[in-house]
Amino acid sequence: MQIYNNYKFGFTLSEVLITLGIIGVIAALTIPGLISNHKKKVVITRMKKFYTTFNQAIKLAEAENGDTENWEEVSKTNADSMYNMWNKYMAKHFVSKDVVKTADGIYVKSTDGSGFMIYQPGNQPRAGLTSAHVIFCVNTKACDEYLKKNNNKVYFYNLDGKTTFLFRYSNKLLRTYATNDDDRFNRDLYMNGTNSSLSPEYGCAKSKKTYCAALIEADGWEIAKDYPVRF
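Read in order, the letters of the sequence shown correspond to residues 1 to 231 in the working numbering.
Think of the hints as simulated: they come from the structure by calculation, not from any bench.
Do not rely on the hints blindly, as some may be mistaken.
Claimed, not checked - Simulated crosslink set (DSS-like; lysine-lysine; CA at most 25 angstroms straight-line): (1) K101 - K59; (2) K101 - K49; (3) K97 - K49; (4) K41 - K109; (5) K153 - K109; (6) K208 - K162.
Start from the sequences, fold in the hints, and give me the full structure.
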């Protein structure tokens with residue numbers, strides 16, 4: 001004779017709750033890391049693209065218009081002269097959504113969602129892009145917030161090393177900001193600003209974070225585990 005068991009087996013409520021709790025703990029431990037890694041990847045990808053595209057645009061503009069030293073002069077922190085220079089020499093070689101004037105330079109909105117701001121430092125007018133400081137923003141929101149915080153000026157270095165980074169154009173090349181060629185790839189300088197000739201606040205681990213882009217480049221265009229800004 002065959003006996004049929006009418007009991008049905010399943011999980012109890014406590015077992016389900018325990019399982020969900022374990023899943024929640026695992027998610028809490030792994031998701032922030034995944035989000036952080038994604039943000040870092042976006043920063044590196046867009047920064048490298050900007051670095052490459054800008055330098056390619058310079059070469060194309062020089063091939064068409066001659067050496068940058070013979071371009072029209074750009075006055076110190078003068079938005080009109082920087083805007084005119086960009087539109088005359090560079091705009092056609094750098095695809096962008098928009099170019100607007102700030103109080104002391106220009107703000108270029110790139111098609112990939114990033115942006116950058118340029119101004120002319122120094123006391124004397126200089127040819128086109130003989131020398132210029134460039135602030136790269138991972139997204140245009142970061143540029144917008146930066147300008148809002150600084151009264152629409154590019155000049156003040158309120159960088160965060162997370163969404164805003166400093167570059168410098170000199171000697172016909174855009175490069176990450178450093179004091180001079182002798183200091184290039186000096187990782188300790190980039191991290192801590194320990195060079196005696198420079199304010200220590202410029203280090204990426206310090207308040208002004210001027211050297212964060214240089215630190216990333218020195219690490220092979222990677223955000224290392226000891227990078228001082230958290231994502």
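Does K49 sit within 25 angstroms of K97, going by the straight-line distance between their CA atoms? holds (16 angstroms)
Would the hint linking K101 and K49 be met if the CA-CA limit is 25 angstroms? Satisfied, since the Cα-Cα distance of roughly 23 angstroms is no more than 25 angstroms.
Regarding the pair K208 and K162, is the alpha-carbon distance no greater than 25 angstroms? holds (12 angstroms)
Would the pair K153 and K109 pass a check requiring their Cα atoms to be no farther apart than 25 angstroms? Holds - the C-alpha atoms of K109 and K153 are around 16 angstroms apart, at most 25 angstroms.
What's the verdict on K41 and K109, does the C-alpha distance respect the 25 angstroms limit or exceed it? Distance ~20 angstroms between K41 and K109 Cα, so the pair holds.
Does the structure keep K101 and K59 at a Cα separation of 25 angstroms or less? holds (24 angstroms)
In summary, this structure violates none of the numbered hints.
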